[in-house]
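**Q** Protein sequences, first through last, are from chains R and Y.
Take the first sequence: its position 28, counting from 1, is numbered 28 in our numbering, and each next residue is one higher.
To convert a position in the second sequence, counted from 1, into our numbering, add 1000.
Calculated directly from the structure, the hints in this document are not laboratory data.
Watch out, some of these pointers could steer you wrong.
[Claimed, not checked] SDA-like mimics (lysine to any residue), calculated; alpha carbons at most 20 Å apart, straight line:
#1 R:Lys38 with Y:Glu1210
#2 Y:Lys1457 with R:Leu4
#3 R:Lys38 with Y:Met1350
#4 R:Lys11 with Y:Asp1238
#5 R:Lys11 with Y:Leu1183
#6 R:Lys37 with Y:Glu1444
#7 Y:Lys1136 with Y:Arg1228
#8 R:Lys11 with Y:Glu1192
#9 R:Lys38 with Y:Lys1235
#10 R:Lys11 with Y:Glu1210
#11 R:Lys37 with Y:Lys1574
#12 Y:Lys1136 with R:Ser30
#13 R:Lys37 with Y:Ile1354
#14 R:Lys37 with Y:Asp1238
#15 R:Lys38 with Y:Glu1444
#16 Y:Lys1155 with R:Ser30
#17 Y:Lys1235 with R:Ser13
#18 Y:Lys1574 with Y:Thr1584
#19 R:Lys37 with Y:Glu1446
#20 R:Lys37 with Y:Lys1155
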Amino acid sequence: MNSLGLRKGSKVSVRSRQFFGGPLVVQYDSRSLAIDKKIAEQIPVKRCID
Amino acid sequence: MKCHNMGSKGSSHKCKKQSFHGGVHNKRSLVMHDDIRILLMGNPNVGKSVIFSKLTGLDVLTANYAGTTVSYTEGHIHYHGKTATLIDVPGTYSLEATSPAEEVAVNFLEDGANVVICVLDATNLERNLNLALQIKQKDIPIIYALNLIDVAENKGISIDVEKLEKELGAPVVTTVATRNVGLKELLDTAWEYSLKEAIPITPVHISQDERWQEVGRIVENVQVVEHRHPTFWDKVGDITVQPFPGLPIAMLVLTFSMLFVVGGGQGIRSLLLLPILNNYYIPVVTTFVSGFVAEGILLNVLVGEYGVLIKGIEWPFFLILPYVTLFYIVMSFLEDSGYLPRLGILLDSMLRRIGMVGSNIVPVVMGYGCAVPAILGTRAATTRKQRIMITSLVALAVPCTAQSGAFIALLGDQSIIALVFVYLVSFAAIIVAGYILDKLIPGEAEPMLMEVPNLLKPSSSALMQKIWIRIKQFLVEAEVPMLLGILFAALLVETGMLLVIGNILEPLVAGWLGLPIEASLALMLGIVRRELGVLPLLELELTTLQLIVGSLVALFYLPCVTVMAVIIKEFDLKLSLYVLGFTTITAFTLAGIFNQVARLLGFQ
Ligand SMILES: Nc1nc2c(ncn2[C@@H]2O[C@H](COP(=O)(O)OP(=O)(O)OP(=O)(O)O)[C@@H](O)[C@H]2O)c(=O)[nH]1
Ligand SMILES: [Mg+2]
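Work the whole structure out from these sequences, hints included.
**A** Take a look at the structure:
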């Protein structure tokens, strides 16, 4: 995941969720990535508003 | 060795050996070579293959998702009195390979080159620079192609190229590969750089974190992003990954695709091709040949029931080709728009239950074209379990486009319900087999981690090229085996051998499956090509029940010889024997039971 460019300090926004534990689509920089829900749950995030 | 769909194709100098371990050259032999070796490297889906095919004129497949190229292709460029070998390799996210495909790329870099062209995606500079900095650590001259600037511009991203050149210490050429913009400058720069001695660099070991910091600093310095309203395609891209309206859209897209192929194919055949065939081609050829050849076996082999000049032309060109063409038109649209990975996201939770993940949707959909590229495409998967799952399922229950064409021609005219039924059985089989295989094959399904490509409007020239590559490939690959198969059939029929063999297979074909013994021919020919397991049934007068039974046998029957060869090459003999065993057993068991039950219930 690190080499996919998502790492500590990345600003992400969740674009979509699926039913039944399907992957999340998150956007960071100008790119979207589909991430397994189980993995996504392990990523600590801080909410920020802009 | 054959290079299939996944890229290189054709005459031997174009089609070099594909292997996981890349080239045979090492750095020493390089120095003595006059040839310049140029390696195209970069992240997946940044346009490397487009650049390669524009510069070398070779046909390689390109598509809008990561993992299109899974092995390498070499091509030659003659320019300014010198010859260079350009090498297209799979994209990689880092120099620590996580899949067989990425390994190819990393091995090539290890083997060395005179110049590396590192292709950067201007819409995603950060992640691309991270790889660039890793490649820069190698002792090889490197230049950069900043590609996809048209898409970047639309997104409001502007990059200061001069500053970027300074940061990287090497030339950066901006390109729009699909429109041939900047490629000549890229070539000039590569030529100039190939002459340079590599400046030995002392590898500085920096940690991943430090590298990202460096990348962050560079990006901060060279890139300005102004906020733009999302483009039409951005918006479409966004809604297609929401379960609602994404799932209904997916249903619409798939239904429309099927109707396009089935309806379009039927239309073209009945309105255009069949009249030509029946009113012109067959009478003309038959009259012409009869003028030269006396009545007898030879005449029958040429223009009789299984006449090579009749069926050998009718089946591939008048029957299968329309469906194959329409299928590849749809498929190329889905690929180049970037829709397929989105479909994978929507279906991930369902696929997961049968041991697959969303990103596997690409090789599975490819399997509806041809199993060979589908199996090769699994090289982009990260676990062996995933590769074996997809290979088995595609071999068992996914009909290739040629076979689908044969099904449509066989069933479509007599009973659309029968056609739908056969495909429903195929889906059900995928689900059941997937569930069982998932339990049988040790290991976990790989977690989903997939880049979602920008949704792009497919460029029409790229589309045309791709469709043409695939049709050409179908014709080249189908025609010879088809002719040989038909010749074999004609000889069996004319010599009466078919009845002898039919009598031996009688208990299976007639007793168990309830088909006329002449249907044995389909079983024999089906080994050569999947559609040949269906087409001979067209020549028999069958009831709807018999049509369905015959189609079910053909659907599950062993994949064609080419596919068996690919499985041996990609995996081992053992897996191919398993596949051979379980496909054949499934075919006869399921179709036989279906026949027996249907007859018990009073169907004929
Ligand atoms: N608009 C636009 N599209 C491009 C450009 N370059 C490439 N594309 C498209 O981007 C997609 C990816 O191109 P490929 O050449 O297959 O990418 P690749 O780097 O070979 O990808 P892998 O083989 O998966 O590593 C294709 O759909 C291309 O048509 C460009 O400059 N502008
Ligand atoms: Mg490629």
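**Q** Are the hints correct? Go through all of them and say.
**A** Right, here's what the structure says about each hint:
Between Lys38 (chain R) and Glu1210 (chain Y) the CA atoms are separated by roughly 28 Å; this puts the pair beyond 20 Å, and the hint is violated. Restraint check for Lys1457 (chain Y) and Leu4 (chain R): the C-alpha separation of about 24 Å exceeds 20 Å, so the hint is violated. For the hint pairing Lys38 (chain R) with Met1350 (chain Y), the CA-to-CA distance comes to about 16 Å; that is within 20 Å, so the pair holds. Annotation: proposed proximity of Lys11 (chain R) to Asp1238 (chain Y) holds, straight-line Cα distance about 18 Å (limit 20 Å).
Between Lys11 (chain R) and Leu1183 (chain Y) the alpha-carbon distance is near 34 Å, which puts this suggested pair outside the 20 Å criterion. For the hint linking Lys37 (chain R) to Glu1444 (chain Y), the alpha-carbon distance of about 15 Å falls within 20 Å, and the restraint holds. In summary, the hint linking Lys1136 (chain Y) to Arg1228 (chain Y) is not supported, as the alpha carbons are separated by about 33 Å, beyond the 20 Å threshold. Proposed proximity of Lys11 (chain R) and Glu1192 (chain Y) is contradicted: the alpha carbons are some 40 Å apart, above 20 Å.
Restraint check for Lys38 (chain R) and Lys1235 (chain Y): not satisfied, since their Cα atoms lie roughly 27 Å apart, outside the 20 Å limit. A distance of roughly 18 Å separates the Cα atoms of Lys11 (chain R) and Glu1210 (chain Y); the hinted pair therefore holds under the 20 Å criterion. Annotation: proposed proximity of Lys37 (chain R) to Lys1574 (chain Y) is violated, straight-line Cα distance about 36 Å (limit 20 Å). For a cut-off of 20 Å, the pair hint linking Lys1136 (chain Y) to Ser30 (chain R) is broken: about 25 Å separates their Cα positions.
Proximity of Lys37 (chain R) to Ile1354 (chain Y) is assessed by CA-CA distance (about 17 Å); at most 20 Å being required, the pair is judged to hold. With a CA separation close to 18 Å, the supplied pair Lys37 (chain R) and Asp1238 (chain Y) stays within the 20 Å bound. The hinted pair formed by Lys38 (chain R) and Glu1444 (chain Y) meets the criterion: a straight-line CA distance of about 13 Å does not exceed 20 Å. With a CA separation close to 8 Å, the supplied pair Lys1155 (chain Y) and Ser30 (chain R) stays within the 20 Å bound.
Distance hint between Lys1235 (chain Y) and Ser13 (chain R) is fulfilled; the C-alpha atoms sit about 15 Å from each other, no more than 20 Å. For the given pair, Lys1574 (chain Y) sits about 16 Å from Thr1584 (chain Y) by alpha-carbon distance, which is consistent with the 20 Å threshold. Restraint check: the Cα-Cα separation between Lys37 (chain R) and Glu1446 (chain Y) comes to about 13 Å, which is no more than 20 Å; the hinted pair holds. Of the supplied pair hints, the one linking Lys37 (chain R) and Lys1155 (chain Y) is violated, its CA atoms being roughly 28 Å apart against a limit of 20 Å.
The structure fails hints 1, 2, 5, 7, 8, 9, 11, 12 and 20 (numbered hints given earlier, in ascending order).
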